[in-house]
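Mind docking chains V, C and S on chain X? Use the hints.
Which chain is which? The protein sequence lines are X, V, C and S, in order.
Position in the first sequence (from 1) plus 1 gives the number in this note's numbering.
Position in the second sequence (from 1) plus 1 gives the number in this note's numbering.
Position in the third sequence (from 1) plus 1 gives the number in this note's numbering.
Position in the fourth sequence (from 1) plus 1 gives the number in this note's numbering.
Simulated from the structure, these hints should not be mistaken for lab results.
The hints are all genuine.
Identical chains blur together in the list; that is why a pair holds if it fits in one copy or across any two.
Heads up, simulated BS3-like pairs for lysine-lysine below, C-alpha to C-alpha not over 27 Å straight-line:
(1) 48 to 293
(2) 15 to 293
(3) 92 to 310
(4) 80 to 15
(5) 92 to 293
(6) 48 to 4
(7) 48 to 80
(8) 15 to 48
(9) 310 to 335
(10) 92 to 15
(11) 310 to 80
Number of protein chains: 4
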Amino acid sequence: MLKIALLGCGRIGKMHAATIDRAPNATLAIVFDPIADAAKQVAAQFKCPVAATAEDAIDQADAVLIATSTPTHADLIEKAIAAGKAVFCEKPIDLSLERVLACRRAIAGSKLPIQIGFNRRFDPGHRAARDAARAGDIGDIQQVIITSRDPGFASRDYIRASGGILRDMTIHDFDLARYMLAEEPVEVFATGSAIIDPTLATEFGDVDSVMVVMKTASGKLCSITNSRVATYGYDQRVELLGAKGMVISGNRRPHELQRFGGESTGGGEPYLNFFIERYTEAFAAGLESFIKSAIAGSATEADFDDGVKALALAEAAVVSLRENRTVGVSEVLK
Amino acid sequence: MLKIALLGCGRIGKMHAATIDRAPNATLAIVFDPIADAAKQVAAQFKCPVAATAEDAIDQADAVLIATSTPTHADLIEKAIAAGKAVFCEKPIDLSLERVLACRRAIAGSKLPIQIGFNRRFDPGHRAARDAARAGDIGDIQQVIITSRDPGFASRDYIRASGGILRDMTIHDFDLARYMLAEEPVEVFATGSAIIDPTLATEFGDVDSVMVVMKTASGKLCSITNSRVATYGYDQRVELLGAKGMVISGNRRPHELQRFGGESTGGGEPYLNFFIERYTEAFAAGLESFIKSAIAGSATEADFDDGVKALALAEAAVVSLRENRTVGVSEVLK
Amino acid sequence: MLKIALLGCGRIGKMHAATIDRAPNATLAIVFDPIADAAKQVAAQFKCPVAATAEDAIDQADAVLIATSTPTHADLIEKAIAAGKAVFCEKPIDLSLERVLACRRAIAGSKLPIQIGFNRRFDPGHRAARDAARAGDIGDIQQVIITSRDPGFASRDYIRASGGILRDMTIHDFDLARYMLAEEPVEVFATGSAIIDPTLATEFGDVDSVMVVMKTASGKLCSITNSRVATYGYDQRVELLGAKGMVISGNRRPHELQRFGGESTGGGEPYLNFFIERYTEAFAAGLESFIKSAIAGSATEADFDDGVKALALAEAAVVSLRENRTVGVSEVLK
Amino acid sequence: MLKIALLGCGRIGKMHAATIDRAPNATLAIVFDPIADAAKQVAAQFKCPVAATAEDAIDQADAVLIATSTPTHADLIEKAIAAGKAVFCEKPIDLSLERVLACRRAIAGSKLPIQIGFNRRFDPGHRAARDAARAGDIGDIQQVIITSRDPGFASRDYIRASGGILRDMTIHDFDLARYMLAEEPVEVFATGSAIIDPTLATEFGDVDSVMVVMKTASGKLCSITNSRVATYGYDQRVELLGAKGMVISGNRRPHELQRFGGESTGGGEPYLNFFIERYTEAFAAGLESFIKSAIAGSATEADFDDGVKALALAEAAVVSLRENRTVGVSEVLK
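Bound conformation, chain X alone:
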């Protein structure tokens, strides 16, 4: 029975707590949140104690789940690893690649399982696409096309602290691209515009619409399309073109009702909205996979290095967007 300490009791923290509660091989040992009331509420619901500090929580568990705000992630990873605990940390490790690399040096040598919260790797559809590719069903992969659009803007405060769309939103797609390509991109081109809300550009120097193209050493191509707003719902698609065929992991609806009228035939429900709903199974499967790794002391399915590499792609894209040129990944990650 793996005893897990939950650090951070916000929306995602609560979701993870419920998954741990249902897991037959793990238990929620203790929770911590800088906002005491948030911690108390989760503790009451899942009947576990509240820790006074993050360090206390870490001490009293076998593994640590970090769901606090991004700037605290790297510190907490270092503390948990120093304390000999397995770590599940929500993405991203940090908005600064430098800080992430410092964290990597700090924990170098540790064999403890670390998993980064790249939930989409565990989505049944996306994973089936990857599995089909690995099984050779579509031959060698030539192109990966990822579409990821949010249903609507996050709050102004969220966006201000997000590090920009490439580090906050596209980061998932950079990870998914690596997962699908099974080969490292070496070049990144990114462009975008603040066409939905021009004040994003003037206030934050950010954009709301993004297109990224990447290439691997062997010539595999990858396209990523993002938007902060898709009025028709959370749009999450992955397309893999191979030498022998294609697979597409498409959008998911809450049920399969289709409507037929004089204006339109076969229209379905709006898509599952938003990531908590769309990726429910993915979040659960990701955490279950981590629990297994933590118990076995084995490698995770989305490790620290995956976190580093996704962020390096984001960093390269940031430079590309700013300088309007192709950026080699080796420019940002030596």
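This is chains V, C and S only, laid out in the frame that chain X set:
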């Protein structure tokens, strides 16, 4: 070059004239219509003479295409066969099974190709379903489910002369059922109601909504669902369930635009409306098949006997609907 | 906090236990099963006591969930109601309409909530279809078409005790038909054959393939198609045709991967297989609805009378199949 | 009755001849092909004379349809315009932007209708997407995503003379992008690789897989994905994301058969293969539109300037691919 005489220059006659005009191995030799202007118009468009009588038209051709009003079909078939011509006749042969059987006796012994206008057999989708079944792709057929709904009511006059929905509309489905089952139904149950327009019942003793169930000697089941009005368009589906799988020949849209909004995702265009549009390829393929048979003097893909048997099923259904009981096909066709 | 006694700890009982365990307003108070080990296992998993008898279990709870074998249902309902408890009973109440009517007399006068386990009413897709119809989105309903096919045969023993396909499998469709039609069928026609496994006919007098047609007083039509075996998976569809449009509640896949190759484009995963997987949300929603009714002492969404009427339709269908004729529902339910 | 001279009697020329033959307001007046037998064959089929030279053909018609090899296009346009004839010219005008601009100067001042063979603008699905956008159904356009993949390699000789994939294949997508965006792209980024057939790179300096990203002045983004080989068929999709919704013009199958088995559910037929089949309606509609313009002396729906601008985008993409950098359209088209 097969010289074809067209009898009947209405909507369907014109459509057939255009098909003949495009055919590399046939030519529109002469046309006739009791309404002289209708004949003249088609003759002008396709540059061929107008016949003074149906008999004259028959005399000057190798084959005869009968697209006149239903009550004239059987007479014209008899005349054309007597004159030694191959015959393509629009469905139904006649609304009276008795008259059809008399016609059969009248032409008995002739080896001339006769084809009845059961266009749906030639629809690419329906035919692919049949071919998949014949090829064994879905194993032995166990169930056939046919949905056929018109987009809207025909005119009052049309309905009055139609012989009722079972003889006019379901006749196509009876033929399609036989084509798909590859075995004769032996029992028919039909029920229906005038739920869309109750005056159909009071004025004509007819219904607008129909469900038919049939069974073959070996236990294959077939369901037919009809409606005179489907506000979302002309609905034409065939489903075959076999021991090893299922195929469905679905509806066809004019193009593949899908719309995605906050209320509905993936809705397509309204269906092709109506039979001329939906079955364009089927009408052409059917006539082309007839032209080949007429030239070769060989059997057609929808022969006189198919016309008899479809009408016998309609007749059994009429009795079933009236008497609210299962009717053996042998009761109406000895 | 509603205390629920679970009677019957088999496959469905276990599933209900898990739902109760997750419910915020109910608790699994005690369990009973004639096979002591089955009860012990569920009790251990959900940390509750085992009752020595069904009566003991009933006594120690506010509500009773009956998931024992069918022949015990009516007795247990009577006992639970006599003891003043709300009741959730798996379908069917009994295979004998006579016994069900006796049960109805025995509990007459009780206002205690009783819910029958017609899970499909709670399926999100089917319910959305019903809601669309109730909201007037498709106008007045004219036709209901239900397709229900199992992925494969149940065990020989199961079938022997099932009361025949019409009482065991079609019973769900009879209930769904009533739910969708919002009007009572007055006439039933059923036909079928043992075309998949002819020994069903010779050994049990049963069939494996069924088509049923029903009609309401106002002329609404309903078609039900069943098969004991659909090699492509558990096929569960409901189609509603109304005066203003159509809705179809379609099949559900585990995820939305589509495959594209030279032989086939857009093929999806096999369907969710079998009812536990396909109707997971429906089972949970049904039980949650019951818990609310039990707490409030209010009417349920699938009550005893619904159980009676579905069985009456099954009974009428049994007579129809045997005598090959239309049967009035009033013949079997005076 | 518009008399049309056909120059070039290859595959596309023959297709256009058949369209002219069916048009009620045009006639095939004369044909020419440098290969005399090719011209004779078309002349025989459509019963028209063969011209000794292109100039003779031009002289004897009201309008000229140029379907000869690409290097002859610009010369023939100049001759036809000089002779006062309306012109329909297959794409591209020339592989050299310089030559195209010279041609533009040569015909400057002429008001004669000229249409370039950008058939995809006339595809019913693509056009419905454009129309939906123009009608405001999806709000202001933010993103255009075009997927265009050929089913298989053209011949080595074809590729050698093609001017490279960007000028030969992507040229259609550049035109389609402009048509959909309704605003000129100002920046182009292109990348690619010869991942399917590496000898394309070594022999021709060409690639077989391409991703292009373009941006307009107002910040609209456009992505184009190409492949010379898609084993699952000719893949032609256009997706428009707007402020109020999305439309997708998807692929088209020959019919709507779906197959359901234990491995796959709902798979459809392979896509229509290749452009002659997929764009049959588009080719016909494009030519019909030209005939109307030629008769009325009015502007065409895909004019000379459209040909110039699509080629300029291709040219910018060629530079981008070669120099691995973003290229302003103004660099290539002053």
